[in-house]
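Number of protein chains: 2
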Amino acid sequence: MIKFKRYFPILDWGRRYDVATLGDDLTAAVIVTLMLIPQSLAYALLAGLPPEVGLYASIAPILLYAIFGNSSALAVGPVAVVSLLTASAIGQVVEPGTASYAAAALTLAFLSGILLLVMGVLRLGFLANFLSHPVIAGFITASGVLIAASQLKHVLGVPADGHTLFEIALSLVGHIRETHVLSLMIGASVIAFLFFVRSGLKPVLTALGVPARLASFITKAGPVFAVGATTAISWAYGLEARGVAIVGVVPQTLPPLTVPDWSPELIRTLFIPAALMSVIGFVESVSVAKTLAARRRQRINPDQELIGLGAANLGAAFTGGYPVTGGFARSVVNFDAGARTPAAGAFTAVGIGIAALCLTPLIYYLPKATLAGTIIVAVLSLVDFSILKATWRYATSDFIAVFATIVLTLSLGVEVGVASGVVLSILLHITKTSKPHIAEVGRVPGTEHFRNIHRHAVETSPTLLALRIDESLYFANANFLEDMVLNRLSQDGSQIRDVVLMFSAVNAVDYSALETLEALNTRLLESGVRLHLSEVKGPVMDKLAPTRFIEHLSGKVFLSQNDAWAALSVMPPERISPPSP
Amino acid sequence: MIKFKRYFPILDWGRRYDVATLGDDLTAAVIVTLMLIPQSLAYALLAGLPPEVGLYASIAPILLYAIFGNSSALAVGPVAVVSLLTASAIGQVVEPGTASYAAAALTLAFLSGILLLVMGVLRLGFLANFLSHPVIAGFITASGVLIAASQLKHVLGVPADGHTLFEIALSLVGHIRETHVLSLMIGASVIAFLFFVRSGLKPVLTALGVPARLASFITKAGPVFAVGATTAISWAYGLEARGVAIVGVVPQTLPPLTVPDWSPELIRTLFIPAALMSVIGFVESVSVAKTLAARRRQRINPDQELIGLGAANLGAAFTGGYPVTGGFARSVVNFDAGARTPAAGAFTAVGIGIAALCLTPLIYYLPKATLAGTIIVAVLSLVDFSILKATWRYATSDFIAVFATIVLTLSLGVEVGVASGVVLSILLHITKTSKPHIAEVGRVPGTEHFRNIHRHAVETSPTLLALRIDESLYFANANFLEDMVLNRLSQDGSQIRDVVLMFSAVNAVDYSALETLEALNTRLLESGVRLHLSEVKGPVMDKLAPTRFIEHLSGKVFLSQNDAWAALSVMPPERISPPSP
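Those protein sequences? They're chains A and B, same order as listed. Using my numbering, read the first sequence as starting at 1 and increasing by one per residue. Using my numbering, read the second sequence as starting at 1 and increasing by one per residue.
Hints listed in this document are in silico derivations from the structure and should not be mistaken for laboratory results. Hints may contain errors.
If chains are identical, the list can't say which one is meant, so a pair holds when it fits in one copy or spans any two.
Said to hold, decoys possible - With a straight-line cut-off of 25 Å between C-alpha atoms, the simulated DMTMM-like cross-links for lysine to aspartate or glutamate are:
no., residue 1, residue 2
1, Lys543, Glu167
2, Lys220, Asp24
3, Lys435, Asp563
4, Lys537, Asp470
5, Lys543, Asp384
6, Lys537, Glu95
7, Lys202, Asp18
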């Protein structure tokens, strides 16, 4: 039973469910449903899929997340970045608009679901930590730019294509003379209207005496209003006949049961994109979920979150959807609207189900330019180049990672961009730690403290070289230590007879470092210099004790640096080194 | 002039050259030349190239290394692992035995030379540190097995092919019935003879009263003797007519001037293999050079070593050679034979030049089975599976890296093997450091020392949580810290009002960690808990000081943990926690 409960958070919150909670959850569900209908249609369009796929991806996945997820506020469904990744991954294999394109989207959702589930069961949520914040921020910003650019074709009413900013721009410029004025008018109006709603409407409403809560609700309904109004105009004036691209026939059903395309070739091709998409979606979801949970002093279990998102994606794979994850803006709205449990999500799913059954005939006349406009306004809030400035000020290596991620995402596409960012940030980290801080230390007179000889007035002994190593030793920095010691000895090697490595900050020694220490011991011995250790931590000593290195160590292992000083220093101390200016 | 000297170590040792040094260098050169003639022929064969290419790769490259290299004992030329990598890289693009195969080998040497030179000039030698010792050891061992297996076809006198152990074994088994008995007799005799020379001959000679130095010299000449004897037998008994594969016509000239194949397609394909080969060759060379230099208390500059090896490979590219690096066994022989300066290498080059001019007609009858036998005996000394046992005992992550490298090299080929090993060892390192050691500390009564509450009898205060972080904070471990603090608070959160992070072992905080600290500060503040820092190192504080995190920090930055204790602890201390058993 305990084990069972681990995988079903619903068993926990379900037992405490009451009428007050129900009211809160229902209110939140209504608001999120209104927000999700245009978003789900628009993001399906962005992913290169028929609009109803967006609705389908907002029903079963949300229900499954409500059962397996553990965030009370996370609103799962189609999101911008994952839709872009879907378009990029499938667009390279299958022709958009075909039946096999939709089947490949199911495969992608299936792979993503399996990967997330496996990671959750194996508790591999920590793998998401390999994505550094600058890389994520750079990637999201660049994705926002790419998405906005890719939607301009619908606003301009021209054909255009491409997976990089350059390709998209080139394609748009090539068709710019064919711009369809009516589509542009609709798209531009929608964009202008939504920007007004976002930034200017709330103050106006408040000034008019509308209560804050209602004003907030009205601004959230902006996209729904834009969709309704332009659909009505499109119908009334017969815009389809005038060349405005419209959504067209949307099947009036609940989600169909579907089976993904299992062909091994397709699975092989989509595996890496699915992995990238899963990790990125997971990182985004968890960071939103954590932020919202902290506001109510709740905790999010990342591994359970993997299981919830995995189940949601499997649900999408078998009910005609495409990859989903937790959306940022939508979750915040859900939270602010009062969602108390995952049941709010379940009610949202019911709302979307009703929309799929009843509202789809009305969507027929909806101009694609309207959907493109809502996407553009939504994603431009993701674009935030300030991360460049912030990292530039703080640390060069972080700046390099974010800059490379942005440039490569825009110029080579989303997958290359994010993969390069991750690899680069890991390599930069290894590079930084490959030159650890090593301080030559001496004794603070009259104490048992040992400090950097270049910063403090300390006693040293001419035959004793004491080095404090401020980093764990591993393959990338072990050689640096060896080089440093040997270089130091070749400077005034005639006097030094003992080298003490102070291990107070060494938390681990890997096998490469162990071999390097062994080699250092041998080389020092050949020059008549003994090697000693001091202040080795318990767990590190446990590892080292049975090795050849300790067996053949020319010197001793001292419990404290002071013991080493007492045993090895030539008294009286020859000089007191001055502190650096 | 100073700058010039940096790139020309010859200007340093050349000024001190005298007759005694000349004698030592000449002796070493004669011995190394005798060793190098059969090796260079055999390794060219292993690389899929005509035997004379091995000789050419041992002339200009050695001369150039003598000018630019800074190891007095390193013997540069064709080596086993780089030859295998050459065969693997080119064999996937060009048909072996063709003229374009030889041209591609020149391209590979050219790319390798350029990469090494660029790394040397930019002082990127530290990049080699990314290869962990277990990965290198596993790779060398697996390569030795692959090379020995690939040479069995010459010993058996059958055609066989493949770049993985499975392919080679399958191919050999398929042809086993066609085994050519005479070839097998020659190959097996050579192998048996060389093993005897290596392990049994020296004691016999010593027992017969032969001086140790001469005995050692005779054992080194074993391969030359085997080559001479089997060539004579092959000629005397007309073995070519009986179906024994022989070396055949070898042009009787000095190295030709050649130009690599510059086609962009080829360069693109060979770039990654060239990079891998360069780094692996460099790591091997430097480790040999360092070991030998240490015995004479000399130092090796790795960046100059890159320039020396780069020049050697460019030399190979323009004089009909193929990629070269410093050989292990050969360098040790060179050192033991008394080589004092890189001039010994130059004399070796002259010796090989004489061989190319005068001895090549004699090589005509040399059976390929003999060369294969010398390779097999040479590479089996590289095979050392004890690294598996050693890492197994020492640390799981090192064992995983070495095991994966061996298995993947044998099963998927050399390039995939070593690349996977490198990636895996880096990921395992990141994984290990992603869960840093964080100790909850309390005060040792009556002192200013703070120790782990689970290991020592210390005073704590019920409203104060003091955590010592034993690792630098960066993207992979920042979340772990946050989760740990928040989990700790949710355990007995009612009492804790202050959290102090003791930064005594934190040497760096990257941008991701900074953002996490900022989020932690906000989340704690929302729960009414203040966040403080203590013992922040100077360089870390310099970075943090101007950030929003410090600006909005709810608590203080204390110089020492004792100051924090004095300011925040509720006196008298509520309990003395017991040490763990």
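Exercise for the section: Enumerate the violated hints, using their earlier numbering and listing them in ascending order. Expected result: 1, 3, 6 and 7
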